[in-house]
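With the sequences and hints as input, model every part of the structure.
Chains A and B, in that order, are what the protein sequence lines are. Numbered per our numbering, the first sequence spans residues 30 to 546. Numbered per our numbering, the second sequence spans residues 2 to 396.
It should be emphasised that the hints constitute simulated quantities derived from the structure, not laboratory data. All residues carry an ideal CB built from backbone N, CA and C; glycine is no exception. Watch out, some of these pointers could steer you wrong.
[What the hints assert, rightly or not] In the DSBU-like style, the derived pairs of lysine-lysine whose C-alpha atoms are separated by at most 30 Å in a straight line are:
1. K36/A with K337/B
2. K503/A with K19/B
3. K508/A with K26/B
4. K26/B with K288/A
5. K337/B with K387/A
6. K36/A with K503/A
[To be verified] Residues of chain B placed beyond 10 Å of chain A at every Cβ, according to the derived structure:
7. P62
8. P79
9. G130
10. G250
11. D372
[Unchecked claim] Pairwise CB distance ranges, derived in the manner of DEER restraints:
12. D94/B with V501/A: 48 to 58 Å
13. Q91/B with I375/A: 56 to 66 Å
14. A545/A with G296/B: 17 to 27 Å
15. H295/A with E295/B: 29 to 39 Å
16. T63/B with D285/A: 34 to 44 Å
17. G145/A with Q315/B: 58 to 68 Å
18. E362/A with D290/B: 16 to 26 Å
19. L273/B with E98/A: 41 to 51 Å
20. G145/A with D251/B: 51 to 61 Å
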Amino acid sequence: MAFYKDKYDVIVIGGALAGMSCAMKLASEGKSVLILERHNLPGGLATSFVRSGIEMEATLHEMMSIGPEERPLFIREYLDEMGVRINWLRVPEAYRLLSPKDSIDIIIHPGRRDDGTWIAADEIEAQYPGSRDEVNRLLETCKSVYESVLFLNEHTASKLTLLLKHEPLTKTAGYSAQEVMDKAFNLSDDVKHILSAYWIYVGQPISTLPFTIYSFLMADYLLGGSFVAKGFSHEMSAAMAHRCEELGVQFEYCQDVEKILVRNNHVYGVRTKRGDEIHCDYVASAPYPNVVYAKMIEPQSEVPAMARKYADAMPLGVTTFSVVMQLDKRPEELNINDYSVFSSNIPFDTDVFWKQGKQLGNWSNLTTICLNYANPDAVPEGKTSLSITFLPLADAFMNITADEYQDMKRRIAKQMIEQVSEYLGVDLLEHIEEIEIESPMTIAHYAKAYRGGIYGYQHSMNNSVVARLEDVEKEMWIKGLVGCASHQLVGDGMACNINNGKIAAKMILEEMKKEAK
Amino acid sequence: MKINGFLKDVLGSSRVVKARRELIKSGSETAVFRDPINDVARELHPDVTHVKVTKVEDVSPTARKYTFEADQGDILPPFQCGQYVSIDLQIGDTLTTRPYSICSAPFEARTGEHPFFEITVRNGKPGTGYVSCWFYENVKAGDTFTAHLPFGQFYYEPLRDSHNVVALAGGSGITPFYSMAKEIEHGTLDINLTILYGSVSTKDIILEKQLKAVKSDKVRFINVISGDEAYDGEKGFLTAELIKKYSEGDTTYFVCGPLAMYHFVKGELDKLDVPSKRIRMEVFGAPRDITAAEGYPQDFNPQTFRLHVMRGIQEDIIEASSLEPFAVALERAGIKNRTRCRSGACGYCRCQVLDGDVFVPAEGDGRRMADKEFGFVHACSAYPLTECTIRIPIL
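Okay, here's the thing in structure tokens:
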């Protein structure tokens, strides 16, 4: 009698999107794969919860890299190729940016015409005459960088090829989004603000965000629009878990992996909290390198000095603070008319917003999502599903005690609700039927993520994706151990994590080939 | 054009690669691991808390209050009035759990020399409350258990609920309100609480002495007796008229009691046009008779099926009665399974039906939409209609 096979090719620690993506890819190549997930649900943060019989989205604002069925983007294509079926619903607009102190109130839609002009450029032109050409030129540059990044996601290229065929990527790789926008384009400050609204989806201020990542974000969202799953982000997770099992992956819930077993600088298995020692040749790990190297590698003498330096040096990205509510009226009765609103009650400045992330509350830049406008069937008749989110840094929460926790959560949530109420001109506090407040501790509780981090390591100029790509293979500090979550190559976000998982699988397949020789 | 002047630099990628390598080199080899956010998360939601019974006290002719303190060096987590504890119980060969509302106040679990929490268990009527009977008869001071807390959403949420709370309680449903009353008395919960407590006769009243001893002008405690015409006080049921009499202005109603009471009280609150956001209902446990549940297949004869239980690559075959949920079949077979609310709501016992037909009562079905589509059920509220194969976690 045994619960596990004697040995697996690969053990995936963490059945979130990256882990499932990795497992699917490996299983589709005929490898034996075991996923060990500590929670009793798949998907990690891609999940939902049920209150009083009503299902509510826990985290997802919008999926990028999906695109419409007739013009799919690369994650839709990958999921199709893997045989994952998801009911995608299109989000109507890209976003509304509301910054009264700058007199900015604009709604941006995705869409590019074959002649290289963008709907967003027209929308900005309507309010800021004379900016159309430069906005088009910026977005075309973004598109070019985006296409190069997608190419490099699938292929390797020599420096010469890069220079010849991927000139915009090469020439912008050393600069932040701020530098490129300031120095290479004629854009007014307001227009730059409008085109910086997505900063929060990487949690990196525009001044330190590599233009490479900025381009990816802008081109992807504005080309393909964004999507949500009809059955909440849990549908994505459940569909991927289902497909994993169809492909022969053994998926075990409630298994907390405590140790990664290493000898002679090569992994050979894991040990769970329950006490099972399970053997394998490769491990794909969702736990952050910080935890892996400090707590999980057994014996600790197998942790190379460089791995410790790496984990210590990597700048931790943002965590989340989110208020998820069901309100007792229809959105239009509450003056809520958009799916996605980025609002600011101070002059728009992503450096200031980011610095505010180090404090407990009083955050100026909030993201408000009204699910009704993308997925009306998911909300009971006559009600509104609304979330308000900011992505602060873990630093702000490091000294909160368990006894202070509830009060802290409610105090900040109240501020956020009041801030949104102010611009809506409706007191949302009078309309709450259900409310859940998510904090870094919530993330830690459900996902055990290091310091409640949701976005891995920062996409800063000194941790650029271009540099990560260059060194990714050298950073397999322990043979057979590959990272598989948002702390890896392409960073944060649900679509990116599906890609991180695919990349982890490819790295493992490469290693298998090498080691077989 | 500006772009031509600025973006001539093709060495940018080398520069960022160098910057990152320098960043990594600057890292410490000896940094001490520190993650206070996970530490607090674990303190708030420990996987398990070892507890010991330190006191047992009669709080009615048929109910006892049990005081628990943390054991084996554990500490009790903070909780909110109205939340529950799930206690692991081994009764003979059966491994089960039961959820009990915590009747003591949150401050008592986090302050003083001997922090504690309390539950109140009423002796079950024969045939209807096997585990509560066992608990009532057998548990004594010094006994140790593993417990899991806190759980549940039946608590006062200041961002949502009115400052004025009317509690509508029946039977052992009084317990969360004793917790609230004590916390109000202590000055750490700022609400006005009126408790309307429905009982058949005065001897059914639980925690009466304790509730009457609460000294706070913010707490009112009113017994409502339905089966004694001679009772000197409020008589009858928790009717709209009575509820109205004790409500002042904007009020949130907290309802906790037996299932029949929920249906009755919901109807009475509807008569008063109470908006849904002003009604909070505690989950109400598994139905006593599943065949009476709405939608249960008609003319289906109760029977016992084979149940194939998959854990990893291992298969066990056990028996499962159509009258009991999977969770109970697993418990009778001594197979570990994790249940918390035992009402279908919380999802801790989520498991997958690989084969066979199952009935899930609509009332209290807390499953996610996609889980329904992919054949997942909550083992505490899924009843076999055929031979079934299920996959559960390895515990």
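Against the range 48 to 58 Å, how does the distance between the Cβ atoms of D94/B and V501/A compare: consistent or not? Roughly 53 Å apart at Cβ, these two residues keep to the hinted range, so it holds.
For K508/A and K26/B, compute the direct alpha-carbon distance and say whether it is at most 30 Å. Measuring from Cα to Cα gives roughly 20 Å; hence the hint holds.
Outcome for the supplied range 34 to 44 Å, where the beta carbon pair is T63/B and D285/A: 41 Å, holds
Restraint check for K503/A with K19/B, where alpha carbons must lie at most 30 Å apart: Judged against 30 Å, a Cα distance of about 14 Å means the pair holds.
message: A range of 51 to 61 Å was offered for this pair. Does it hold for the Cβ distance of G145/A and D251/B?
response: Roughly 58 Å apart at Cβ, these two residues keep to the hinted range, so it holds.
Handout entry: Pairwise hint evaluation, K387/A against K337/B, where the allowed Cα distance is 30 Å at most
Key = Not satisfied, since the Cα-Cα distance of roughly 44 Å exceeds 30 Å.
**Asked** How does the Cβ-Cβ distance of A545/A and G296/B compare with 17 to 27 Å: does it lie in that range?
**Response** Distance hint for A545/A, G296/B is violated at roughly 56 Å.
message = 56 to 66 Å was suggested as the range; check whether the CB atoms of Q91/B and I375/A agree with it.
response = Holds, at about 59 Å.
Restraint status (C-alpha distance of K36/A to K503/A at most 30 Å) | At roughly 27 Å apart (the allowed maximum being 30 Å), K503/A and K36/A satisfy the hint.
Fill in: G145/A paired with Q315/B, Cβ distance criterion 58 to 68 Å
60 Å, holds
| said: A cut-off of 10 Å on Cβ-Cβ distance, and G130/B was said to be off the interface with chain A. Does that hold? | reply: 26 Å, holds
Does the alpha-carbon distance linking K26/B and K288/A stay inside the 30 Å limit? Judged against 30 Å, a Cα distance of about 26 Å means the pair holds.
When the structure is compared with the earlier hints, violations turn up for hints 5, 8, 11, 14, 15, 18 and for no others.
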